[in-house]
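J.: These protein sequence lines map, in sequence, to chains A and B.
Each residue of the first sequence is one higher than the one before, counting from 1 in this note's numbering.
Each residue of the second sequence is one higher than the one before, counting from 1 in this note's numbering.
Only pairs whose alpha carbons sit at most 30 Å apart, straight line, appear in this in silico DSBU-like list of lysine-lysine:
#1 A:K83 to B:K244
#2 B:K244 to A:K50
#3 A:K50 to B:K366
To give an idea of the chain B side of the interface with chain A (calculated C-beta under 8 Å), a few residues:
#4 D222
#5 F224
#6 R242
#7 D596
#8 E631
Hints are computed from structural coordinates only; laboratory data are not their basis.
For glycine and all other residues, C-beta sits at the position ideal for the given N, C-alpha and C.
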Amino acid sequence: MLLIRCPWCGPRDETEFRCGGEAHIARPGDPQALDDAAWAEYVFMRNNPKGWFRERWVHSAGCRRWFNAERHTVTHEIRRTYKPGEP
Amino acid sequence: MTAFRLAEGGRIDRARPLEFSFDGRKFQGFQGDTLASALLANDVFLVGRSFKYHRPRGVMSAGIEETNALVAVGEGGRLDTNSRATMVELYGGLVARSLNRWPSLGLDLGAINGWFSPLLVAGFYYKTFMWPRRLWQSLYEPLIRRVAGIGEAPAQPDPDRYDKMHRHCDVLVVGGGRAGRAAASEAAAAGKRVVLCDEGDPGAIAKVEVLARTTVFGYYDDNFLCAVESDARRQKRLWHFRAKEVVLATGAHERPLVFGGNDKPGVMLAGAVETYLRRYAVAPGKRAVVFTNNDSGHERARAFRELGIDVAAVIDSREGTVITRTLGGKRVTGVEVGGSRIACDLVAMAGGFSPVVHLYSQAQGKLRWDEKKLCFVPDGCRQAVRVVGRANGEFPEYRIAPLWEVEEDKAFVDFGSDVVARDVHLAAREGFSSVEHFKRYTTTGMAADQGKTSNINALAILAGATGRNIAETGTTTFRAPYAPVSYGVLAGRDLGDFLEPIRVTPMHDWHAAHGAAFENVGQWKRPWYYGRDMHDAVQAEARSVRKSLGVLDASTLGKIDIQGRDAARFLDRIYAGTFSTLAIGRARYGLMCREDGMVFDDGVTARLGENHFHMTTTTGGAARVLDWLEEYLQTEWPELEVYCTSVTEQWATVAVAGPRAGELMKELGFQTELPFMAFKEATIAGIGARVFRISFTGELSYEINVPGDQGLALWKAVMIAGEKHGITPYGTETMHLLRAEKGFIIVGQETDGTVTPYDLGLDWAVAKSKDFIGRRSLTRPDTRREDRKQLVGLLPADPREVLPEGAQITEVDVALPRGHGSKPVPMVGHVTSSYLSPNLGRSFALALVRSGRSRRGAELFVPLQGRAAKVRVVEPVFIK
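Model the full assembly from the supplied sequences, consistent with the hints where possible.
T.: Okay, structure coming up:
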């Protein structure tokens with residue numbers, strides 16, 4: 001079981017968290033201005049790299065806050081977690 | 001008699017004799033014995049029958065790697081099957097049975113399998129039981145399971161209670177041998193919090209928490225480890241560890257040698273023989289032959305002689321001699337060495353040592369084949385783990401030369417799975433050269449011992465047979481658990497009523513006292529119907545609501561209090577409809593979509609103030625919706641000032657519905673003329689309440705919300721006031737029926753994550769001129785398709801026919817297929833809800849049907865067993 005560092009609560013068991021998929025994909029400001037392909041890109045398409053990956057996580061059985069994490073998709077190592085808005 | 005108890009020595013307490021029974025016979029051992037040592041001391045050598053050939057088997061080892069002496073310990077619900085006799089501490093009154101024999105251990109008719117052993121080769125299941133395929137389930141599999149198999153599950157529930165423990169520590173040491181104890185002491189001296197686990201009892205260590213009889217069975221990410229602790233009478237509990245550093249001092253297992261009849265009772269690991277002599281003061285024989293490929297065999301022979309048993313010969317393969325086969329039936333009586341025979345009653349195998357790297361491998365540690373020591377040794381791990389002592393390949397002066405097999409019949413590689421060397425060669429010839437394929441095909445290493453003594457030998461023989469070296473061949477994956485774990489230990493107390501939280505409303509006891517049957521909705525218990533028979537109850541309840549008055553406990557509906565400067569703007573983005581234009585004191589039905597345009601939840605939300613809303617969600621969706629709101633507030637629109645609070649349990653909700661609902665409300669003190677979809681604070685039956693005029697039944701209906709602790713008082717007041725109107729409590733089944741008559745959807749019943757608001761005909765609930773989550777997707781080509789599945793009503797041709805929910809719908813008159821070979825028929829939709837309505841005097845259904853709206857009036861079919869039900873497509877509103 002992974003030990004994940006919540007930026008607010010500190011290191012906690014993986015079972016307290018939920019993964020929300022790839023991070024840093026902003027919702028388009030004016031969805032109507034996008035053509036079908038661009039909108040589909042936003043709604044459906046996500047990267048799936050072998051290696052380091054930036055993901056959204058939420059501490060659902062804890063403070064219920066969202067944050068970002070850099071996880072290695074092969075080793076599961078999480079080398080960094082950071083609050084939304086932080087680079 | 002050949003095996004016997006030595007007159008002195010051993011770590012047993014001769015002053016404390018213990019009675020126990022094995023296969024119904026009474027025996028005596030001593031405090032400090034294991035079941036295996038006590039049986040050997042009583043000269044009981046035959047303790048089990050093998051998995052496939054039912055060959056007689058005896059104790060082979062003195063530890064957890066035991067693969068022959070599997071026994072059932074205990075009785076009734078406490079039966080612990082497939083226990084290693086070498087790990088079962090003796091206690092007074094212990095009851096044990098042998099496994100896999102019929103009718104008895106001495107006379108086992110299954111041994112006849114041995115005569116057919118040429119047929120039972122690697123992969124024999126696949127080769128023999130091939131045709132006809134339909135006989136697999138009815139004949140082959142039950143037959144195989146009866147003849148080949150070990151142990152049986154207890155028939156009664158386990159009466160014991162299992163606890164779970166959690167421990168954080170600086171250093172977790174696994175293994176209490178010399179290396180483990182030294183590492184633990186050193187860490188404790190440095191001021192670290194240290195826990196040491198050992199399968200046996202290593203004794204106390206200063207400043208170290210020692211867990212005896214504790215087997216660490218799993219090593220997971222970030223130094224998370226699991227262990228089972230047992231007390232002397234086999235009561236168990238589960239431990240979870242999170243350690244900053246792990247020290248593995250798990251030692252090494254001795255390997256058997258592979259030669260003819262190496263599985264006979266009396267053939268044992270050399271180290272085990274020494275353990276029985278020293279620790280338990282048991283001589284497993286009077287005259288031993290040691291068979292070795294390394295230095296340790298000679299040391300063992302010296303020790304055996306010192307401790308009082310004869311050694312007839314040491315056969316060292318490095319000197320060019322080998323044992324070709326053993327002699328004897330249920331007990332070894334001698335060995336054959338190069339054509340001559342040596343009489344003996346004990347064969348001690350010294351095949352070299354394999355470090356116990358299982359946990360290290362589970363931790364994703366890498367292994368390296370050591371050509372000199374002939375074993376895999378740890379070679380680097382990402383986790384904070386250190387391997388010490390024999391587990392790290394640190395053996396004392398040790399020279400070994402490979403002897404992986406003596407080519408002979410019945411040369412067993414895996415005793416537990418009954419795999420012989422010839423099976424390995426056959427598998428290699430048949431192309432199973434990948435070690436993972438080979439394992440599954442021959443079942444090597446897949447018995448209860450998980451190949452602790454067999455894997456390296458099998459691997460080496462496979463490597464030889466395929467012309468590769470061992471490093472190239474590689475190992476199979478080591479997986480948790482290291483040793484079998486009882487289900488009860490893993491389940492702990494999460495059983496029965498404790499399996500999941502149970503949520504009940506404040507009126508729950510009233511419902512139970514009035515004969516309610518309950519339905520599970522998420523974690524909630526909701527009254528399903530009142531009475532013995534669902535059909536009768538629902539017909540009466542539904543009639544009563546339409547004719548006079550019904551009352552429903554709607555407390556489980558999700559309720560979210562939404563406040564803040566931007567609350568209205570936020571709801572406009574969340575809901576498909578517009579809420580910023582909603583007047584204070586009014587309520588509106590809203591649909592939530594996901595970004596892909598599919599319906600996600602629905603409910604009525606009321607505006608309590610300029611910046612204050614009361615949102616309701618589906619009962620099962622409340623938590624999901626709150627998470628959804630939080631996600632968007634935190635990640636997409638952090639600039640909005642909105643606060644969402646779950647108030648589901650703060651409010652108890654009583655819904656009164658029916659033509660007499662208005663009169664009842666007046667009698668309860670509610671004098672206001674409340675318009676439809678409006679809200680008012682009021683005092684109802686003396687209780688401060690929020691009253692909503694909302695309807696899920698289509699009848700005149702009020703939802704009265706009072707603080708949770710007043711729920712039962714309100715319910716009782718409503719029941720008393722409603723008595724003269726014939727008020728009838730109704731459950732969820734009636735609620736579903738009544739809303740379906742009106743064509744109101746239930747999210748999760750009429751929707752399945754692939755349904756848009758337009759598919760449901762809810763265009764009116766979708767705003768045209770503002771953005772909301774999912775809006776853009778509703779103009780994608782796929783969501784605009786005319787042939788999407790759309791919500792329709794169905795009237796069966798037979799008005800008594802209640803269609804099964806979930807049934808498929810076809811255009812052709814066809815029954816459900818039987819067996820294979822039926823021609824596929826295109827499905828055009830499925831039934832989502834189906835009821836018998838007392839108000840319509842007939843059955844009806846809701847369904848999602850491809851191009852459904854353009855099929856109104858058309859006939860379709862619902863395939864059933866042996867026939868199809870004819871149905872007519874209608875508008876999904878049955879009572880206007």
